[in-house]
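First to last, the protein sequences are chains Z and D.
Going letter by letter, the first sequence gives residues 1 to 149 in the numbering used here.
Going letter by letter, the second sequence gives residues 150 to 562 in the numbering used here.
Because the hints were derived from the structure by calculation, they are not lab data.
Being a predicted model, the structure only gives us computed values, none of them experimental.
Note that beta-carbon positions come from the ideal geometry of N, C-alpha and C, so glycine has one too.
It is possible that part of the hints are untrue.
Derived EDC-like pairs: lysine to aspartate or glutamate, alpha-carbon spacing no greater than 16 Å straight-line [said to hold, decoys possible]: (1) D/Lys177 / D/Glu226; (2) D/Lys233 / Z/Glu22; (3) D/Lys233 / Z/Asp20; (4) Z/Lys17 / D/Asp247; (5) Z/Lys117 / Z/Glu85; (6) D/Lys290 / D/Glu334; (7) D/Lys390 / D/Glu463; (8) Z/Lys17 / Z/Glu62; (9) D/Lys233 / Z/Asp123; (10) D/Lys233 / D/Asp275; (11) D/Lys390 / D/Asp247; (12) D/Lys290 / D/Asp349; (13) D/Lys233 / Z/Asp128; (14) Z/Lys117 / Z/Glu84; (15) D/Lys390 / Z/Asp128; (16) Z/Lys17 / Z/Glu48; (17) Z/Lys117 / Z/Glu22.
Only part of the chain D face toward chain Z is listed, based on derived beta-carbon distances under 8 Å [said to hold, decoys possible]: (18) Glu311; (19) Ser315; (20) Val317.
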Amino acid sequence: MTDARRFRVNMGDVAAKVIDGEAIVMNISNGAYYSITGAGAAAWELLESGRTVTEAAGLLAERYEAPLEIVMADLETLLVTLIEEGLMTEAADRVPESGPGLPAGPRVAYEATVFQKFTDMADMLALDPPMPGFDETPWATDNSGSRTG
Amino acid sequence: MRSPLLPPNTPAAVALAIRLSLRDPGSKDEAVLRLLEDQAGRREFHDWAMTQGVLGLALNSLQRMGWLEGAGPGVVEKILAPLKILRQQARLWNLERDRVLALLRRVNIAPVVLKGGALREVAYRDPVERPVGDLDLLVEKGEMPQALQALEEGGYTPPDPEAIRSFVTGHFHLPLTNRGGFEVELHWGLGQPSAPWQLDPAGMLTRAVSIPSGRGEMRVPAVEDMVVHLCSQNTEDDFRKLRRLVDIDRVTAVQPPDWDLIVSLSRAGGMEIIVGLSLQLAHRLLGTPIPPGTVRELVPSRMTRLHLSLLQPEAGLLSGAGQTMDARSKALSLWLTVQEHRMRHLRNILCHEEQMGLHPSSGPDHKWLSAMGMAIRLGAFHGLLWARGLLRRVGDSPQSTPRLWDHRAGTES
């Protein structure tokens, strides 16, 4: 079954960029920012460029060593979260942007999407953001997203 | 390559690490490494570098120079731990900067991005090396209403109308904030209207250049305007921020400026002493190459040089001390003012508290008393300065401390 939905970034409130395999997304309307890593970062780029869900899943399955069903299921989960957080909205009228999909090359090991939400953006933006003690750096070792709101 | 000017404390260690990374990346200073291996020393290093706005640069420098190789297990991670947060912070600021510029572009306004927002693109290898506390944008005064409206539509809240009126008459920028915690300062000027030195915003707008940024372009000041503006920023924190000097060093390293233009812009703005002192300090602390001719052009009178030396701006930078004394700050601003404006500035200093409305119920008697009080404080502070200077002169050999204002010290870039 194909999923022909296309999406658009909620441009009024959201700014995003993929850097070093991590999609950094911020939502000005609620002061939160998000980190999407793993296959989710690539998925963000594909959806942002106007690919349908099925097209995005197909390209991800070509890129990663993972069955299409798993990729599709993860993508659907990510999409639900993106919509709930107001980061993307469905856009039936969307015309896909031209341009390369994902980097060419041999397939790479599949990394499941990790979606983290941070609600402390104002603290983070201060010239002296809170730095945990140097012997207690949970954010340096903890990948569970314990700082998420 | 330990500079004899740098005392062996944490601020000096940070300055030294940066200086070496910029000028002599192959060298290594064991004292700095020992400081970082110690938990208390590391904390002090991080704290001071953070306060000075050079933590990202210092940590990147240590890593790049390979100074951390050989440190004990787990120590490197602890030394570099703040980079993770600083990197995230830098990414968020860049995202927002590009979003704000796009908002303004939609209404055909192309502001000139000042300070950190521009410097991290123009002068640093990595945005994490130059923190941003707010986004400073210069627009033409006539563009202000449209720019304000565009930013409001983009989620920013301006001050209330009454505050806007007082900002417009007595200030040179408007601060706007949004729910995310970002702050934009929308400038139509480059300094307090009452300050004894002034930069020309129209000239800066005319000379601005475009560079690629995000999915578009952004305008930044010409390198000469950038240098003079960065020097003027030193007056805002009484020459106590190492970051300002590092900015000057990086800008001039990336794009060699027209030094004659810097001199002429400084003169036009009454900023010769400020620019001269900033360049001297950058040269002495960071090894910034400044042509000797430039320093000669900017050299102030013997009396001014003497007082600036007594005020010890270099020691102030490296002492690690917190807030500056009010009297020191006022004395410094007095001696940074060019001679023809100094008496007027002294009058402003003496009436400052009254002007700031700190004594709203004061009558003419109180005004007079307040000015007298400030005059006494300033006089006493100068007495203390002269006494300390005399003691130093008696205690030290003249060769032991290099002169602050040495126009032979510069090296041709």
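Results of checking the hints against the structure:
no. : hint                : result
1   : D/Lys177 / D/Glu226 : 19 Å, violated
2   : D/Lys233 / Z/Glu22  : 13 Å, holds
3   : D/Lys233 / Z/Asp20  : 13 Å, holds
4   : Z/Lys17 / D/Asp247  : 10 Å, holds
5   : Z/Lys117 / Z/Glu85  : 9 Å, holds
6   : D/Lys290 / D/Glu334 : 13 Å, holds
7   : D/Lys390 / D/Glu463 : 10 Å, holds
8   : Z/Lys17 / Z/Glu62   : 23 Å, violated
9   : D/Lys233 / Z/Asp123 : 15 Å, holds
10  : D/Lys233 / D/Asp275 : 13 Å, holds
11  : D/Lys390 / D/Asp247 : 27 Å, violated
12  : D/Lys290 / D/Asp349 : 13 Å, holds
13  : D/Lys233 / Z/Asp128 : 13 Å, holds
14  : Z/Lys117 / Z/Glu84  : 12 Å, holds
15  : D/Lys390 / Z/Asp128 : 14 Å, holds
16  : Z/Lys17 / Z/Glu48   : 10 Å, holds
17  : Z/Lys117 / Z/Glu22  : 13 Å, holds
18  : Glu311              : 25 Å, violated
19  : Ser315              : 26 Å, violated
20  : Val317              : 26 Å, violated
When the structure is compared with the earlier hints, violations turn up for hints 1, 8, 11, 18, 19 and 20 and for no others.
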